[in-house]
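S.K.: Protein chains in written order, with the working numbering: chain A, 1 to 580; chain B, 1001 to 1112.
Heads up, none of these hints are tricks.
Derived SDA-like pairs: lysine to any residue, alpha-carbon spacing no greater than 20 Å straight-line:
no. : chain 1 : residue 1 : chain 2 : residue 2
1   : B       : K1078     : A       : V108
2   : A       : K94       : B       : A1067
3   : A       : K94       : A       : Q61
4   : A       : K94       : B       : R1063
5   : A       : K354      : A       : S365
6   : B       : K1078     : A       : G111
7   : B       : K1096     : A       : V108
8   : A       : K216      : A       : E24
9   : B       : K1096     : A       : T106
10  : B       : K1096     : A       : G111
11  : B       : K1096     : A       : L146
12  : B       : K1096     : A       : T109
13  : B       : K1096     : A       : L107
14  : A       : K490      : A       : T472
15  : B       : K1052     : B       : R1022
16  : A       : K175      : A       : Y157
17  : A       : K175      : A       : E226
18  : A       : K328      : A       : R318
19  : B       : K1078     : A       : H102
20  : A       : K175      : A       : R160
21  : A       : K125      : B       : D1057
22  : A       : K125      : B       : R1063
23  : A       : K449      : A       : R252
24  : B       : K1078     : B       : R1022
25  : A       : K14       : A       : G219
26  : B       : K1078     : A       : L107
27  : B       : K1052     : B       : R1064
28  : B       : K1078     : A       : P105
29  : A       : K125      : B       : I1056
Hint data in this document are derived by calculation from the structure and do not stem from the laboratory.
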Amino acid sequence: MAGTRGKAARPLAKLATGIEGFDELSSGGLPRHRTSLLIGGPGAGKTVFALQCLVNAASRQRAAGIFVAFEESPAQLLANCTTFSWGPRSLASKKIFFFDAHLSPTLVTAGDFDLSGMLAMLAAKKREIGAQWIVFDGIDVLLTLLQDRRAEMREIYRLRDWLADNALTAIITAKVDDRASGLMHYDFLQFMVDCVVRLERRQQDRVATQSIQITKYRGSSYAMAEFPMSIGASGIEVGAADLALIEHRASRERITAGFERLDAMLGGGVFRGSSTLITGVPGTSKTTLAGKFAEAACRRGERVLFVSFDEAAEQIMRNLSSVGIQFKAHVKSGLLRMYSARTEGISAEAHLLKLRSLIREYRPSCIVIDPLTAIAKAGTLGAARAVANRLIYMIKDEDITLFVTALSETDDMRAESTDLQISTIADTWIHLSYLVRSGERNRALTIVKSRGTAHSNQVRELVLSDSGPTLTDVYSAGGEVLMGTLRWEKEAEQGASKARQRAEFAQKRRGLQFAEASTRAQITALRMDLQRQRAELTSNAGEDDARAISSSEREGELRRRRSADPPRPSSRKRGNGAAR
Amino acid sequence: MSRRQKVPKARAADTTTVVVLRLYIAGGAPNSLQAIANLEAICHEYLQDVHKLEVIDVLEHPRRAMAEGVLVTPSLAKLSPLPAANVIGNLSDRAKVLLALGLAPNSRKRPA
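Given these sequences and hints, build the entire structure.
M.R.: Put into structure tokens, the structure is as follows:
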């Protein structure tokens, strides 16, 4: 009783598997000192999963393990796992012991047998190398030899007891061909173990998808849903549950969307860590726009991952160089990583996991995915939709600025929303379209939305030239936007009228200058006239004085002679006036 | 097909070669005890004085058993004459055991 209580109080100890994503959805890994069952059809990844657990335990926790191989010989197993990045490591590892339990085809079964001898051998080996993990890979191969359901159960229970006595963390793998009927055969296996993980490989629309699901986990919470899984160079990777909470850092830093005029329309560029969606029908230069963004980021010295689907990197680089976007130098310097992938026959999940490992490996600060809609090509649209969502959130979680392009089948902007439905989660949505008028097709750029930004509501014409894309002003005429030749005509017309105005103005100025000059001449003439008049006036005044003196002298003489009046001061007064 | 053809074969085995057998058991497990009894009966009937049997307890010699490629118990290995053969199980299916050991089920009649 006391023992039971003690056990219940202790939280279930878990051992991390080190498998990307699995430890998250199992909230910690597999139960320690307990048995986990991996079931699945052929090619579902059971052996890889088990092997990866051992390799990770050996390399990360220095924990030894035993791999009991019922299906393949250890030599085959090792040859198979050399394709994984950890393969050579596991080959060199002395921590993993492979027990060849692969049954020879010449083996004759004559009567009932049991596992007690094998378990005794394994116990000896366990003590020898201090193993903490053990894998029984393909136990069904052995169980079918028993040909007796009761014997099978007996051996399973023997195995369980042995595992419990030896304090080993065990993984048992078993094949099931069919979900419904095949499983029934090993249902008691499922009751016995503490954790059941179902791996499945399914064919959907010619695309093989792999999934993983925890169907049982005693004493632990776990993510119950079925998760996509892929087997890549690093082994099994699980597309783990996304956090229900969205926690992105909202940066206020703006970075260029590629070129100045577009930045101006976006109110100064796009926010760092934001996602931008570029939609448009084929040929609307979505790639060019995305390429310009990538080039600008490289010029700032930032690392960029350029993902192109269904188009070779070489081809993209050549095409972009024709519009003045040069990738070569950046690829050489390592700032730009081009990744091209085919989409035919590859599930969206596989793309997601590949991109995730690329992001982890390359650590870019900007990513371009061109076109994201390509992932919906294989598999169901629902799956692709979920993947697109997860991809965008994953990239945002990493604080990476994202540009994705999406192909719309029609020029109708609303058509995009029926496709991958990414327009709702993108922060900025730029739509490119063709405007056909007067026998011309011209590219028009509209900013449909841009979160947190006062963006331009105007439609601009996108013009491609040797020096790259640029936006030109558009003219509204009678409520319609003028582009191409019509815009050119309008521009020419405006140019002509400006020249005319300039000429008119020059003429006017010349007239005014002439008038001014003539006025000046008049002023000069008048001034000269004035001077002449003044001079004349001065000389007149002198003569007058002289005359006045002489007359007053005469008057005084006269008075003196008559002796009538005393002399008056009038003469002095006059003298003053003359002096003036 | 006929009995006559098989008789000389069995006699040849009886007279010229010694059959070397190794039986791996797991202590006193029921299957193991049964296997010992079954094998001893077969040897008594078919290979009297022309066999060499070694019984190895895997619980006591696990490393040796592992080195010798034992998987489950009980397990019988015919080492010589060639071809070598392996039989697993408690050897209750006598016909299968005899076939694997290269002994005809009816060769018993000769020594008797």
